[in-house]
Amino acid sequence: MIRAKGRKGRFPMAEGERGLRREVERLKRELERLASEGRERPPVDEEALSALLDGLGAALLVGKPGGTLSKVLSGPRFPWPGGRVPGPGAVLGEALPAELAEALARIGAEAEATGRPAEARAPAGGGGRPWRARAVRAGAGRVAWLVVAREPESDEALGAGFRLAFDNAPIGMALVAPDERFLLVNQALCEMLGYTAEELLQMRVADVTDPEDVEEEALKKLDLIEGRAGGFSMIKRYRHKSGRTIVGRLCVSVVRDAGGRPAFYVGQLEDVTEREALRRRLFQAEKMESLGRLAAGVAHDFNNLLTVILGGCELLEEELARRGVPAHDLEAIRQAGLRAKELTGQLLAIARRRPLRPRPIDLNEVVRGAESLLRRVLGEKVRLQIDLTEPVWTVEADPAQLQQVILNLAINARDAMPEGGELRLRTANVTLGDGPPGAGRFVELTVEDTGPGLPPEVRRHLFEPFVSTKSSREGTGLGLATIYGIVRQSGGDVTVDSDPGKGTRFRIRLPGSDKPPEPEAPPEPILPGRREGKGRVLLVEDDAGVRDLAARTLRAAGYEVAVADGPAAARRLAGAGRPVDLLIADLVLPEGRATDLAAELRRDRPGLPVLFITGYADEGVAGEGSAEALLPKPFTPSELLVHVRRALERAQDRR
1237 MIRAKGRKGR
1247 FPMAEGERGL
1257 RREVERLKRE
1267 LERLASEGRE
1277 RPPVDEEALS
1287 ALLDGLGAAL
1297 LVGKPGGTLS
1307 KVLSGPRFPW
1317 PGGRVPGPGA
1327 VLGEALPAEL
1337 AEALARIGAE
1347 AEATGRPAEA
1357 RAPAGGGGRP
1367 WRARAVRAGA
1377 GRVAWLVVAR
1387 EPESDEALGA
1397 GFRLAFDNAP
1407 IGMALVAPDE
1417 RFLLVNQALC
1427 EMLGYTAEEL
1437 LQMRVADVTD
1447 PEDVEEEALK
1457 KLDLIEGRAG
1467 GFSMIKRYRH
1477 KSGRTIVGRL
1487 CVSVVRDAGG
1497 RPAFYVGQLE
1507 DVTEREALRR
1517 RLFQAEKMES
1527 LGRLAAGVAH
1537 DFNNLLTVIL
1547 GGCELLEEEL
1557 ARRGVPAHDL
1567 EAIRQAGLRA
1577 KELTGQLLAI
1587 ARRRPLRPRP
1597 IDLNEVVRGA
1607 ESLLRRVLGE
1617 KVRLQIDLTE
1627 PVWTVEADPA
1637 QLQQVILNLA
1647 INARDAMPEG
1657 GELRLRTANV
1667 TLGDGPPGAG
1677 RFVELTVEDT
1687 GPGLPPEVRR
1697 HLFEPFVSTK
1707 SSREGTGLGL
1717 ATIYGIVRQS
1727 GGDVTVDSDP
1737 GKGTRFRIRL
1747 PGSDKPPEPE
1757 APPEPILPGR
1767 REGKGRVLLV
1777 EDDAGVRDLA
1787 ARTLRAAGYE
1797 VAVADGPAAA
1807 RRLAGAGRPV
1817 DLLIADLVLP
1827 EGRATDLAAE
1837 LRRDRPGLPV
1847 LFITGYADEG
1857 VAGEGSAEAL
1867 LPKPFTPSEL
1877 LVHVRRALER
1887 AQDRR
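For the sequence shown, my numbering assigns the number 1237 to the initial residue and increments by one for each residue that follows.
Treat the hints as calculated values from the structure; they're not laboratory data. For each residue, glycine too, the CB sits at the ideal point set by N, CA and C. Possibly wrong hints are sitting among the right ones.
[Stated by the list, open to error] The calculated DSSO-like cross-link candidates involving lysine-lysine, where the alpha carbons are at most 27 Å apart (straight line), are: (1) Lys1457 to Lys1477; (2) Lys1300 to Lys1477; (3) Lys1300 to Lys1457; (4) Lys1457 to Lys1307; (5) Lys1738 to Lys1751.
[As the list claims (entries may be wrong)] The following label-pair restraints were derived from C-beta to C-beta distances: (6) Gly1813 to Leu1609: 48 to 54 Å; (7) Arg1611 to Arg1807: 15 to 21 Å; (8) Glu1448 to Arg1619: 51 to 57 Å; (9) Pro1691 to Lys1477: 19 to 25 Å; (10) Arg1593 to Ala1835: 22 to 28 Å; (11) Leu1643 to Ser1469: 47 to 53 Å; (12) Leu1668 to Arg1558: 27 to 33 Å.
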């Protein structure tokens, strides 16, 4: 199941992005917690190895062939001289008896030079404590020695100690034959994979390995067999008996026979499924955040260009209409500009910066309002079934954007069922979690089709921009990414369940509200004529094309206009001439934010009305507390004049 969540805030146009940033930071903190836990105790595989070594009465030493040690592991029963375990940087000759140290140096140099294991044992009849040692090349100029010190009669006790340590190791352990058959497994491995020991002993390693990891493990094992490595470790996926995937950190070493051929492999497996899931979620969240920033930046620049294109078209059409000249070509340009405007809107939705106009609504009414359009879009082959729970709780969202979400899902379902099928839309009230009355209330919209379903590799990337379930000629790959952005920006949650051959089900959950539904306000008419303006307007815009279009529009309407390309010029103009009646400013300016400029100007003139213009929604308008304080780009001259008049009228009403 793929899930994307957002949390609704006071200003939903920016809350989705802030929510994503919080999720990234939360995942980073969780990974840091896991890492700190790992630092507070020895790695689990070293604990298990130390237990095994204790059972064998053995020590594992890693270091340079000449004898400088970098790692020492052993159990408490290994007979270190004086009972002191040497630390990193110790020298063999100081840590062990001279005879044993010389033997280890000799076989270490041999293993490093030949790439083959080398062995030594205490001379017969020497009278000292019996020992035997084995050296293998460990890479990076290092050698690993296994030293076993035991009494001559201790074979039976040694075997019992080894089995006890093996069976009770806190991580999964296995002895594996060269042909990949399991020879011995411990209880921890059985619990991890869901099989009994008897079942695993009838299987090979490949039977429980994810097919995508077989090749990588085989290549690492080849280096081990040919002596190019003394062992290897990897993050590997396993198939649990139930079918789910287990992610483990696998460490493998080899035990060779007298001829140097692999006799069996020793595998240690630590379950890191949770940790790897957190890493994947962090990577995905950071990737979506980066893609969102890229999309927002591209959309911002395009919206500046589209403001000039669409605004210029409107002014030219009016001029040609006065002269009685047809404007067919201009209309074609305008339509192309509107299509481009919708595309930049999709990019902003991906970035969760699309300007929304949320209000309390009845989700059932949104579905009913989309029904006739859905039936036309789906055609005759796809049956539409709608099942609405009455009544549903109110949600606060932009109804136009929710209709876009429903339409995108319906088009995807239709394209997935070229031979026909059924599309079902359902609404329901759901309560999640425990809490005070009213907490955890959501309205759920389910959109389900009877199509072929989606394979796991597609589901993993379903909401990413430019990832499409269709061919390159049929889709842009923005539809589902747009849904993801709109739902998250609205404080909601979207999940998808799908399996090949079983259809696809999208669930969208939006937070319930106690407010009653509000009817849609009738659009304000755009009055003919442009000479109704009065007052002095300070226009601050860094893009020259947008600045020129807006200034010409305002002057043609009768306003006195002072033009600045940044905050410094705006401050100088505000202090010269008669007082400013309205500030119009691009929200993000090269020298600072328009909100700071507005606050500064209001200190000299309290109540100064402000109209922000921007290429994407931003939290910077929070101080205004009103959606009317923001005019999204691209805008037309008519839309600019409507917002200007509205801002001035609100200021007049407050006096």
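- [ ] Return the numbers of the hints above that this structure violates; sort them in rising order.
- [x] 2, 5, 7, 8, 12
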